[in-house]
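**Student:** Here's the letter readout for the chains.
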Amino acid sequence: MEKGDVKLFGIWSSPFVLIVKWALRIKGVEYEYIEEDLSNKSNLLLEYNPVHKKVPVMVHNGKPIAESAVILEYIEETWKNNPILPDDPYERAMARFWCKFVVDKLSPPIWRLFISQGKEQEEAYALAIENLKILEQELQGKMFFCGETIGLADISIGPLAYVMPIYEEITKLKMVDAERFPLLCAWMEAFLNSPVVKDSLPPGEKLLLKYRALRESFLAKGNK
Amino acid sequence: MLTSKATSDPRLPSNIFLHSNFRENTERMAGDLELKLLGSWASPFAMRARIALNLKGVGYELLKEVSGTKSELLLKSNPVYKKIPVLIHHGKPICESMIIVQYIDEVWAAAGPSILPSDPYERAIARFWIVYIDDKWFPSSLRTLRGLNEEAKAEAEEQLANALPLLEDAFPKCSKGKDFFGGETIGYLDIALGCYLGWIKAIEKMTGIKALDEAKTPTLVGWAERFCSGDAVKEVMPEADELIEFTKLIQAIMNAAPGRQNMHVSKNDR
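Residue numbers (my numbering), protein chains in the order written: chain A, -16 to 207; chain B, 6 to 275.
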């Protein structure tokens, strides 16, 4: 296993930071974690990610990498043990496709339903359900999106496993019910209980408070 | 529906719809070609796949989607996005342009030069810029074409002004003194950015904005010329004038039929 100096800049609540942590955990890579205050960004963060000034940023042997999806591929290519991508080019393309699907099609309506109400929320909810059905379909005959073990696609989709229940609690809108989404429910349970993910989640109560406040601030903006 | 109206309308330039529709192609497809690409001449995203295939010297059948319609094969092979390009290899579809390019690089690794850099950090840099280009910049620039009013023009100008200097700056670090972001040969980031050059020239002509300016981004201007004259690119890069005609046509159709909300024009296809 390649040794090297690895630093990860993040914030406690960011799902994008968490997926990088999961990947590093799978590879058994030790790293220094630096908690950022986004209202007062460190000089290092601004130096390492001048374009976006965002977290996560991973720094390996002094070289910074930004964008969580980019960081995941870098981790996979640099530490060869416990691969999170299969060997077959077609299966790799499919894994990457599902990562993109989450970003393009799934997360946006889920986020929108969380920060809105009324008709806008109804429409976002309908779209979210439609796209969740696509994921449910993809899980046919598989435990994880990448097959028998957690892979790149599972990691990328992973935050939804703990974020969706929080949104459901706050909005009182049930998204992933066992009747419509038996495979997704099973996946969420298996994923959250896996050694990689267990004990890695941000503190539940703290998250709930933060997300509640977020929703309130968006609704307040919307009412102006 | 749109196709039949377009081909019978005498006001419309006939050359835009010269390209055959899918039905003609299925008849010619009688032989069992193992590699097909669903694309269209105006789509920068389809161009990415075509450049990659050209770089690898791989033969394929091009199935041209017609603007305003989606063939059954497209809907079947990309049900999630319903967009081009789609690469169909041994009957299996691969979607999303940069995923397709990487797939081509991996499958035909032994043919031609590597498209992605071999070093993981260089790959990360290329991927970072590709996310920036595709997510932050070009889609919104293209949207400004919808309205060619002063506001849209100013928006396009600002976006280009923000993005291009960053890429100008990144070029020497990526190219290390060679001709392309990828080094000696056209690489992953070259393809991702270069595919927009036809549209950039079209926007420049339509709006009078100088996007690629010798004075501001001389390195990129030089790179753009080299990219466009590359063998793998020449035959698939549309001319700015063709794209301008195409845009005017789409706008005319949209203005004539305000009820048509879901125009699927290839410039939006990924």
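Keep in mind that the hints were calculated from the coordinates and are not lab data.
Built from N, CA and C at the ideal position, the CB exists for glycine as well.
Do not take every clue at face value.
With the C-beta cut set under 7 Å, the calculated list includes, among others, these residues of chain A facing chain B [as the list claims (entries may be wrong)]:
| no. | residue |
| --- | --- |
| 1 | 46 |
| 2 | 48 |
| 3 | 53 |
| 4 | 57 |
| 5 | 60 |
| 6 | 61 |
| 7 | 72 |
| 8 | 73 |
| 9 | 168 |
**Student:** Please go over all the hints and tell whether each is borne out by the structure.
**Tutor:** Checked hints:
Annotation: interface hint on residue 46(A) holds; nearest CB of chain B at approximately 6 Å, less than 7 Å. With its C-beta approaching chain B no nearer than about 5 Å, residue 48(A) sits inside the 7 Å limit, and its interface hint holds. Given hint, residue 53(A) at the interface with chain B, holds; its Cβ is 4 Å from that chain's nearest Cβ, closer than 7 Å. For residue 57(A), the interface hint holds, the least distance from its beta-carbon to any beta-carbon of chain B being 4 Å, beneath 7 Å.
Annotation: interface hint on residue 60(A) holds; nearest CB of chain B at approximately 4 Å, less than 7 Å. Using the Cβ-Cβ criterion of 7 Å, the hint placing residue 61(A) at the interface with chain B is satisfied: the shortest such distance is roughly 5 Å. For residue 72(A), the interface hint holds, since its Cβ comes within 7 Å of a Cβ in chain B; the closest pair sits about 4 Å apart. Checking residue 73(A) against chain B: minimum C-beta separation of about 6 Å stays under 7 Å; hint holds.
Because the beta carbon of residue 168(A) sits about 22 Å from the nearest beta carbon in chain B, more than 7 Å, this interface hint is broken.
The structure fails to meet hint 9 from the earlier list, while all remaining hints are met.
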